[in-house]
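Residue numbers (our numbering), protein chains in the order written: chain A, 12 to 248; chain B, 378 to 651.
Derived from the structure by calculation, the hints contain no laboratory data. C-beta atoms are modelled at their ideal positions from N, C-alpha and C, and glycine is treated no differently. Where hints are given, some of them may not hold.
[What the hints assert, rightly or not] Label-pair restraints from in silico Cβ distances: (1) B/Thr407 x A/Val24: 16 to 26 angstroms; (2) A/Met31 x B/Trp479: 44 to 54 angstroms; (3) B/Leu391 x A/Val24: 34 to 44 angstroms; (4) B/Thr472 x A/Gly25: 49 to 59 angstroms; (5) B/Asp544 x A/Asn83: 50 to 60 angstroms; (6) B/Ala459 x A/Ser42: 50 to 60 angstroms.
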Amino acid sequence: MKTIKNEKGIAIVGTALMIMVIISIFILAISQFLSQNVGTSFQLRSRIAGIQVLQEFAVLAQRANEIYERTNSCGALTRLPAGRNFCWQLAAENNGSCVQSPLPGGGTTPLCMSVGNNELAVALQTTHSPSNFEVAKQQIGEWSERIAYRIFAELGAPLDAQENRAHLPTMIPASSSVDINNVNCGVIGGTCIRCNDANVECIDLYVCTNPSGCGAFAATNERWFRQKIAVIQTGTL
Amino acid sequence: MRIQNTFGFSLIELMVASAIGGIMMAVIATVLSIAQIQYISTRDRIIAETRASEIEIALKSVLSQAVEVSNDTAAGAGNLAALPGRLAANFAYNTIAASPVWTTIGVFAREVRAGVGNADPVSATAIMQTAVFYRRPAAATSGVLFIDLGNAAGAAMVAGYNDLYFDRISSISMTKSRHPTYDRVTSVNFTYTIRYHVGGAQNKNWCPAADMGIAAGCIANSGWRDLTRSFSVLLRNNLLGTSAQSGNAASAVSRQDRVMGNLHFFQPLIPKNF
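This is chain A alone, in the form it adopts within the complex (with noise of 0.2 angstroms):
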């Protein structure tokens, strides 16, 4: 029987070639999907953690309204806007309008503050890369109960008082023993706040959760999260 000479088959190598190609094509496909939506998850995840630090901060200029509330001035603490109902424990940067950050290490930048219109900015920008997008959280978390701690001892508040408020959903909130107005609207009514009216202060907060940063904050800039609230007056506490 005749052997076969030829030497130069690719049956094994080009097999393993065109596997090798097949799986490459595959590898490639899946990463690049995965690339897509590590970013979409990244995005998700950065709205949910942008709602939930806002509402923290939201609570903060709750207590800055509330320290005012006590005694109709802001002792120590920096009262910002001018003639605006918030007390505020300030640091030096940006010349002296951001909230001091208690953290160890400047793990995050300052709280700056600017006034806007009739109301109050609130900037805050994390530098904390996707993978530690939780911490930063945590942190921010962190840091807003300890300015809150800081503002209520030097105005000497109850600790319980702080002790109640701490933690968000199960705090007791503060009760408004005041009048506004109970303006109805839409179609099947529902009262509107409204930030001109009397006994209600508004503040606009800021968040950027984009770890390569946002730009400078500003109402037109849409790479901000934003959140405008109103703080209904307490009244004599």
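Starting from the structure of chain A, add chain B where the hints point.
Just chain B, lined up with the frame of chain A:
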């Protein structure tokens, strides 16, 4: 005449070569098939993860803006005739049921003003009707959550694919927390499972896990997995109660308390992308 050409292949050679070629093709086809199945399974898992997060975002966004939600259990269907809105009684839809296939999870009003700039509009579009519906799964169709964001004209609140909708749900449950004093909802807990398929399942099965191997069409080993997600929504804008201005019950001025006390949240402006 004898054939002198000795460079051709014999029948045996051709048969061996064909056999080797066939084996190689079979190996390639197998690898291709396995790679394809892995790709589809991984993609399905990723889509399920994304869907789970989208549902959380959507429900948190609308429920956290709800302004007046009673703890009454009758959610009712269709339009919200008058405030307060309502959520359904606590439920756990973790099996297939002939009835009800459709259920209304809630009909309520929500704050939609962002309060940008100095404008603080009080208009017919300030408080919008909102409805959340759920279509329970069948063997061949997944459960779907619909969120009707309403409109100013007060059109009928019905589930449809022009609403926000989220499919791939195999089970969902909801429990409400009531305010200790007022008959209002303070928070809502959701737990749900998102189905994805593995192993290149040809006939995708959407039966809840409890029905597998029991209900008709629910094949026990049909290559499925469930992703479980739980979260809680604080109804932070929910108005607990109002009291008339002291000494003037007829006044359009009142004292108001909400779930977070004296805080009212306007509609957040969420970046669409980075």
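_alanine 459 of chain B paired with serine 42 of chain A, Cβ distance criterion 50 to 60 angstroms_ = holds, 54 angstroms
*Between methionine 31 of chain A and tryptophan 479 of chain B, does the beta-carbon spacing fit 44 to 54 angstroms?*
Taking Cβ atoms as reference, methionine 31 of chain A and tryptophan 479 of chain B lie about 51 angstroms apart, which means the hint holds.
*Distance restraint hint 50 to 60 angstroms, applied to the beta-carbon atoms of aspartate 544 of chain B and asparagine 83 of chain A*: Roughly 55 angstroms apart at Cβ, these two residues keep to the hinted range, so it holds.
_threonine 472 of chain B paired with glycine 25 of chain A, Cβ distance criterion 49 to 59 angstroms_ = holds, 54 angstroms
*leucine 391 of chain B and valine 24 of chain A, beta-carbon distance inside 34 to 44 angstroms?*
Given a distance of about 21 angstroms, which is not inside 34 to 44 angstroms, the answer is violated.
*Does 16 to 26 angstroms hold as the CB distance between threonine 407 of chain B and valine 24 of chain A, or does it fail?*
holds, 19 angstroms
Hint 3 alone, counting from the list given before, is not met by this structure.
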